[in-house]
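> Sequence:
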Amino acid sequence: MSTATTPDTPPDSASSAPVRAWLPTMLALAAIWGCSFLFISVGVRELPPLYLALGRVLAGSVVLVAILVVKRERLPRDPRLWAHSFVVGAIGSAIPWTLFGYGEQRIPSLLAGIWNGITPLIVLPIAVLIFRTERFSAQRGFGLLIGFVGMLVVLGAWRVQGGADLLGQGLCMLAAFFYGLAIPYQKRFLAGMALSGTELSASLLLCATVQLAIVAPLVTGQAPPAPWSLSPEVVLSVLALGALGSGLAFVLSMRNIRLIGASRSSMVTYLMPVFSILVGVIVLHEHITWYQPVGGLVVLLGVAVSQGLLNPLRRKRVLPAEAPAT
1 MSTATTPDTP PDSASSAPVR AWLPTMLALA AIWGCSFLFI SVGVRELPPL YLALGRVLAG
61 SVVLVAILVV KRERLPRDPR LWAHSFVVGA IGSAIPWTLF GYGEQRIPSL LAGIWNGITP
121 LIVLPIAVLI FRTERFSAQR GFGLLIGFVG MLVVLGAWRV QGGADLLGQG LCMLAAFFYG
181 LAIPYQKRFL AGMALSGTEL SASLLLCATV QLAIVAPLVT GQAPPAPWSL SPEVVLSVLA
241 LGALGSGLAF VLSMRNIRLI GASRSSMVTY LMPVFSILVG VIVLHEHITW YQPVGGLVVL
301 LGVAVSQGLL NPLRRKRVLP AEAPAT
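Read in order, the letters of the sequence shown correspond to residues 1 to 326 in UniProt numbering.
Just so you know, the hints here were simulated from the structure itself, not pulled from any lab data. One should not assume that every hint holds.
[Claimed, not checked] Distance ranges between label pairs, derived from CB positions:
1) Pro24 <-> Val219: 33 to 43 Å
2) Ala226 <-> Ala21: 39 to 49 Å
3) Met193 <-> Ser231: 16 to 26 Å
4) Ala138 <-> Ala226: 53 to 63 Å
5) Val281 <-> Ala226: 27 to 37 Å
6) Arg45 <-> Met267: 30 to 40 Å
Every residue gets a Cβ at the ideal spot worked out from N, C-alpha and C, and that includes glycine.
Can you build the whole structure from these sequences, using the hints too?
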């Protein structure tokens with residue numbers, strides 16, 4: 001999922017967009033990002049996770065730079081912006097995409113997709129305590145508590161005995177943590193800069209490409225495999241992760257943000273796990289236990305409460321005629 005954001009659209013313009021204008025785009029986004037975990041699972045069969053992440057950011061960079069050329073825009077020139085882009089490229093792309101790869105060597109793709117859904121729960125405390133871009137409230141605290149319970153259910157805390165499954169889930173949780181760190185960082189340091197979303201996302205992916213091109217050979221101790229030495233399924237998975245997940249999906253996301261605003265566009269988070277579970281079961285024939293999707297639903301409930309979509313703590317408004325006698 002892309003961490004690039006743009007200023008929210010005004011309420012009037014967001015509310016005036018008909019459902020038919022943005023719902024198909026949101027479903028397409030959920031499908032692309034939800035299927036990304038399937039492509040990761042296929043890719044790590046033959047590629048080290050670091051090289052899979054490198055192929056993804058490289059393909060995404062090519063797509064976004066091509067969009068810049070078509071739109072006759074240019075890459076940013078502000079050194080300060082590039083410094084912040086270097087940080088966000090690492091914590092928002094290079095590191096979490098690598099961690100998901102290592103995680104999916106140990107757990108099913110559908111479970112990685114469920115863990116991705118905890119990102120909004122991680123964003124909130126980091127935004128409140130570290131970057132101070134959000135305010136805390138009893139409602140948000142209640143949402144975090146619900147989400148934490150959901151995480152324990154997904155993990156199957158009552159039956160976990162360690163091993164590869166626990167390590168894989170921990171790596172995916174850590175990946176979601178880095179997503180949660182990148183989003184408020186970007187909002188704090190990049191949101192006010194005068195540049196388009198395409199320019200911002202291209203700079204982030206280019207920075208991540210440079211980082212992984214340096215780190216991958218050092219960590220793996222081997223040169224990147226030649227594309228022709230890989231199976232067609234793996235090559236297509238890498239291209240899909242970059243061109244679709246980091247290219248086309250970005251364009252679709254920017255369209256929805258313009259139509260309905262960044263806040264409502266973030267509801268795609270609720271749909272992504274559905275697609276990751278469906279493709280994991282249907283395409284990869286992965287198995288799922290009852291508590292994993294149930295826990296995922298509890299996590300999403302916590303997200304909804306923390307974001308104000310549901311407010312169980314709201315008091316019923318008392319009309320003057322109903323005011324109690326004193």
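> None of the hints should be skipped; say for each whether it holds.
Evaluation of the provided hints:
Between Pro24 and Val219, the C-beta spacing of about 41 Å keeps the proposed range 33 to 43 Å intact. Between Ala226 and Ala21 the CB atoms are about 44 Å apart, so this pair conforms to the stated range of 39 to 49 Å. The beta-carbon spacing between Met193 and Ser231, approximately 42 Å, falls outside the hinted interval of 16 to 26 Å. For the pair Ala138 and Ala226, the beta carbons lie near 57 Å from each other, so the given range of 53 to 63 Å is met.
Remark: the range hint 27 to 37 Å for Val281 to Ala226 is upheld by a beta-carbon distance near 33 Å. Checking the proposed 30 to 40 Å range against Arg45 and Met267 shows it holds: the Cβ atoms sit about 33 Å from each other.
Consistency with the previously given hints fails for number 3 only.
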